[in-house]
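Chains as they are written, first to last, in UniProt numbering: chain Z, 1 to 433; chain P, 1 to 291.
Hints should not be assumed to be uniformly reliable.
[Unchecked claim] In silico EDC-like pairs for lysine to aspartate or glutamate, Cα to Cα no more than 20 Å straight-line:
| no. | chain 1 | residue 1 | chain 2 | residue 2 |
| --- | --- | --- | --- | --- |
| 1 | Z | 250 | Z | 411 |
| 2 | Z | 260 | P | 64 |
| 3 | Z | 354 | Z | 328 |
| 4 | Z | 260 | P | 143 |
[What the hints assert, rightly or not] Not everything, but these chain Z residues come out facing chain P in the computed CB check (under 8 Å):
| no. | residue |
| --- | --- |
| 5 | 100 |
| 6 | 123 |
| 7 | 185 |
| 8 | 272 |
| 9 | 399 |
| 10 | 407 |
[What the hints assert, rightly or not] Here are the simulated distance ranges between beta carbons:
| no. | chain 1 | residue 1 | chain 2 | residue 2 | range |
| --- | --- | --- | --- | --- | --- |
| 11 | Z | 200 | P | 161 | 29 to 39 Å |
| 12 | P | 283 | Z | 419 | 37 to 47 Å |
| 13 | P | 22 | Z | 242 | 52 to 62 Å |
| 14 | P | 146 | Z | 146 | 28 to 38 Å |
| 15 | Z | 369 | P | 137 | 53 to 63 Å |
| 16 | P | 129 | Z | 90 | 20 to 30 Å |
| 17 | Z | 311 | P | 129 | 37 to 47 Å |
| 18 | Z | 244 | P | 282 | 45 to 55 Å |
| 19 | P | 137 | Z | 311 | 35 to 45 Å |
Derived from the structure by calculation, the hints contain no laboratory data. Yeah, the Cβ is synthetic: ideal placement off N, Cα and C, and Gly gets one too.
Chain by chain, the residues:
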Amino acid sequence: MRGIAAPRCWSGGRRAIAAVVAVGLAVVLAACGSSDTDTTVQAPPDGVDDGSELTLWTRAPLEKQAKLLVEAYNASHKNQVKLTVVPNDDYVAKVGAAAGSSSLPDLFAADIVYVPNWVKQGLFKDISANINGLSFKDSINKGHLAAGTDGGKEYVLPFVLDLSMLFWNKALFKEAGLDPEKAPSTLAEYAAAAKAVQGLNKSGVYGTATGLNCGGCLVFTWFPSFWADGQDVTNAEGTASLLTSDTAKKVFGTWQDLWKSGAVLPSSRDEAGPTWTAGFTQGKVGLMFYPATLLSSTPFDVGVAGIPGAAGGASTFVGGDGIGISKDSAKSDQAWNFLNWMMTEKAQVEVLAKNNDVVSRSDLADNLYAAKDPRLVTINKVAADGRTPVSLNFQQAYNATNSPWLSLVRDCVLESCANLQKNNDQVSAVLGQ
Amino acid sequence: MVTKVRRNRDAAAGWLFASPTAVFVVLLFALPLVLVFKMSASRWPLLAGDQGVNFPDNYVKAVENRFFVDSIVFTLKYTFLATVLLLALGLGLALLVQESSRWRNLLRVSFLIPSALGLASASLLFYVLYSPLAGPLAPVMEDLGISFLGTPNMALGSTLFLIVWRYAGFYMLLMLVGLQSVPSEVYEAAHLDGATRWQQFRRVTLPLLRPTLALTTVLCVTGSLLAFEQFYILTKGGPDNSTVSVVQLIYTVAFQGQNDLGVAAALSVIALFALVVINVAQLRAFRYEGT
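For reference, chain P alone in the conformation it holds in the complex (with noise of 0.2 Å):
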């Protein structure tokens, strides 16, 4: 009896423990999942407001959007670049900085410092940068008869210069922690067997660092996948549409001149469910491979 009251205490006690995050997690994500569930089955203009069922049109406007295949497929191409570029680079840094030399901890710090800025500042910090108006480059640009943005393949080049500016350090970061969880012995042990520093690195460094590889991978790859304010601030999805990603593209539908909640709200149920199929075949790969 006695114990039957303790557990239903400890039991609500637990409930109250954890209402504060469960109403948090209910306000913040569950009734926003809903509601745009319900969006994409509605005509609903920005500008108006719900203005009834109408499923299934707005999934139809939003797979007929003319930049809807093209958003697609730059997004693949960007999240591709992102992902090989970053987690190459953050690995050659965790490698340079974990060697112990004079200059560590001023190379981590310097690695590190640009993840400080937030994205959109870094944006426009880059966007003045790159400005063949105002920027200071822009009697490079001039001289070498190239526009940052100019060009489609450029437009891409500089974005993901910035975000590797931005973001290589962060990875850096994650690569050190995986980097020196690996025991020092197992070292010890690979150069008394005569590996050369290649082998070492192959077949020691390399798998055991997979966990990590697994986290950067999906990290990225998902981080990539709903890429915006480089793309708005930068290039606006120019130039001539080249760099519309698939955020941007909710974005313009919503707010940019088509103003309908409704085929925006569809074209993220789309995105939403693409990641997840994406992220459970990533975590199942790294899986297998794990075990």
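Only chain Z is shown next, with the shape it has when bound in the complex (with noise of 0.2 Å):
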């Protein structure tokens, strides 16, 4: 009988803690060879470019944008940077297991979230010298510079800049008699809007739509409407949670209403992150708070704007990655000549900008590109009112299937409330920890 017992049969189970002894052992295996490199990088101001093969790694999510650099960078370098891209939620514990085997790349990109975290588990390298060394330093993103710095030292510069801007279908804008040259000015607008183009009765097009069961999601296109109240949501240090401020209930009570006027995307309520923007990209959803990555790969006439407050405003939460050395690289001045080159004229707006993506250094804002397509404009202006915020246990916090901000929305939205307080204590116990 046991022949017959050997095809088991979950073994999912025993393949995650697989995967979790997987990791330790890596260590152990690691500490044997482990390789003296250096924590600081003082590279020559245009690193190295020897025909050296550098190894990057990033998300799955940022794909586009990494191989357009990656491919104008090998095209005009003797270095050639082989890049791995990794499924989003797979990422984490695959730096993990990297970091402590010392086998990270060369180069690696992170979410801007969990770049404070990882600045502090030392897994960059220090590269304040060659940053101060940019004529520019002064324009580059400040949100992300100041996301990848420790102790004064800077670590980490933005890679793909992703904001969250409100997006309009104009067509649907028309049909439901809004001005589609016009974004919602207020949060109370936004859901004005909303209900309007929901009130078209047109089978399967809905008002707006958001991922209720994606903490990811919600943080991204839901912090804005508090910024642009001039209200934080958490304490300067990123241990306090201050989600119970007047602003909070105005913001959580407008979604409420949204949600039992049947005004939102249906599937809303499950989504877990994974189709979350699909329903605007089908045109089935009349606006929506919506990542600026996509623009380009919205197929329609869309308009683009800050992400609204309660009392007017607009704001926008500036994520994406942020890239440094890894701590592992034996290649340093080499991997500088790729970061170097990637915050050049040349590769912001030649590769970012005429992709319609968001440049990272605001003095190329107003650039050829972007001239021709006011809404990148719109966008780059933004982006200079947005904000990132910093927090160590931001990923357990926010991000997680099973987080407390996640169980707050929930309560806020879908159901009375009632348990406002309670959830609040419960995302500031986490991220005081």
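If you follow the hints, you should be able to join the two separate chains into one complex; please do so.
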């Protein structure tokens, strides 16, 4: 009977446990052969371009931008970058395993909200000397730089900026009798527009959409409404949550009202992330807080504006990925060559801006490609008012599938918001660990 | 003298034959096991590595985790439902395809085909089927006003459906092997004694099937207690953390946020002991009934 017993019915559990073990095993095996590499980079200003092979990891949502950058770099340099794209959900586990076994690639990008933690854990090399040598340092996106700064030393440069913006479907706006050229300027106007589109009663068409089971999506698209009102979501150190403010009540109240009125795409309720933008991209949703990186792949005419607060104003979540040289890289000078090139006008304008992506230098915001599409100017300008929250326990508090932030939002939007105080305390407890 | 040399040589040859397996057992089983115990007694963040012994902090944190009790309760509930469903259906299907009819082969193959698909692939397939946005069943869901993964009970039911679809054929096969080992003379004798079909099933089939039932129960209970992929892919523990299984909790603690391999290892050790106890109990129970 043992023979038949061999193909056990669920090997999945063991596989997950095995993953935990494998990471530890890698650490033990690596402990024997760990090499001493400098933690501070002091490369020549342009780095070294001597035909080395560099490795670079990034996560799947930024695959398009990463590929464009890497192809352009490889075409014009002797160094060759080998890009590895990792599924979003597996990225932390993969980096964790590699960090433990000292086998990180030369360069790797990280979700900017995880950067403070990863810098603190010493995964990146200090590149302050080289960053300070850049003549345009002051115009590099401040949110990203700040997230990658620890103890006055800089470890990370912006790789790809992803901003959350208010997108609206101009055709649906027109049909619903709304001005297709004017963005809703407050959260209340946003809700009114969503209800107007819903009021068309077109089959399969909804007012708005969001990802109510996706902590990362909610952070990305809802925090700006707080900031636009001048309200912080955490204290300055990122150790306590401030989600019981009047602004919070207004934001959650608006969404609760929208949900109850049926103007939100019903699948938003269970949306855990993979398809949270699909409804809008298919033209089935009137307006939505949406990632600006998807502007180039949205096939119809959309308007773009900053995300409004309850009393007006506009803000954005400056997300995306920061990139740095890993602690394990033995080719820091060559890696700096890539980073240095990445920040040049040539890479920023001719690669990123040309493909409708956001530049990470404010002095290049009004470039020739942006001039052709006023929406890009809007995005670049709002980027300067945007924010990147810094907190060491960000992932656990907000992004994780069982995060207290997710419980808080679901309670406040789908239920009656009776547990706001309790849930906020729970978020604080995680942030303050 | 000669025999002693030969015996020594035989022993050496024996060790030689066994050594490849022994090496694998040590490398892939014993070493990781020791490592998990070490991890569970050490402060061991995912990104920073081993920071030294801190026993018993990890165990305290593991037990105090706000999903610890919930995940155990949910896993037991899921295991019970999955086991009952799979064994009953497996036996039912086996009885159905055991009778020779001209559809027999077609039925057997069609029940068994889902077993050829990996569980992760099957979960992804059902993820799309269940999707209220992209799935082919979206209009049905909209008409009925339900969502397959929307409420805790629907999510559990939908996951169970996937599991039954994926594994019923496999259990049918095991049951079929058991059924075919029952000698036909016994049935003939029962028939001559005037037993009805139900009596035959109750008094002949079930008792003689006991070894097979023992095997399938142990397989299914152990497998269900370690459920992971289906929940990781289909529900991600949602909605509202109602479908967090024990292994998923381990994975979340290790890789999604807390990033603490020490606590994850402590949870793994607790799960390991629970499994050992449960399996010993099951085997005992079946042995007593069997003798």
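Comparing the hints with the structure gives:
| no. | hint | result |
| --- | --- | --- |
| 1 | Z:250 x Z:411 | 15 Å, holds |
| 2 | Z:260 x P:64 | 36 Å, violated |
| 3 | Z:354 x Z:328 | 33 Å, violated |
| 4 | Z:260 x P:143 | 18 Å, holds |
| 5 | 100 | 5 Å, holds |
| 6 | 123 | 6 Å, holds |
| 7 | 185 | 30 Å, violated |
| 8 | 272 | 5 Å, holds |
| 9 | 399 | 7 Å, holds |
| 10 | 407 | 7 Å, holds |
| 11 | Z:200 x P:161: 29 to 39 Å | 36 Å, holds |
| 12 | P:283 x Z:419: 37 to 47 Å | 45 Å, holds |
| 13 | P:22 x Z:242: 52 to 62 Å | 59 Å, holds |
| 14 | P:146 x Z:146: 28 to 38 Å | 46 Å, violated |
| 15 | Z:369 x P:137: 53 to 63 Å | 43 Å, violated |
| 16 | P:129 x Z:90: 20 to 30 Å | 23 Å, holds |
| 17 | Z:311 x P:129: 37 to 47 Å | 44 Å, holds |
| 18 | Z:244 x P:282: 45 to 55 Å | 50 Å, holds |
| 19 | P:137 x Z:311: 35 to 45 Å | 43 Å, holds |
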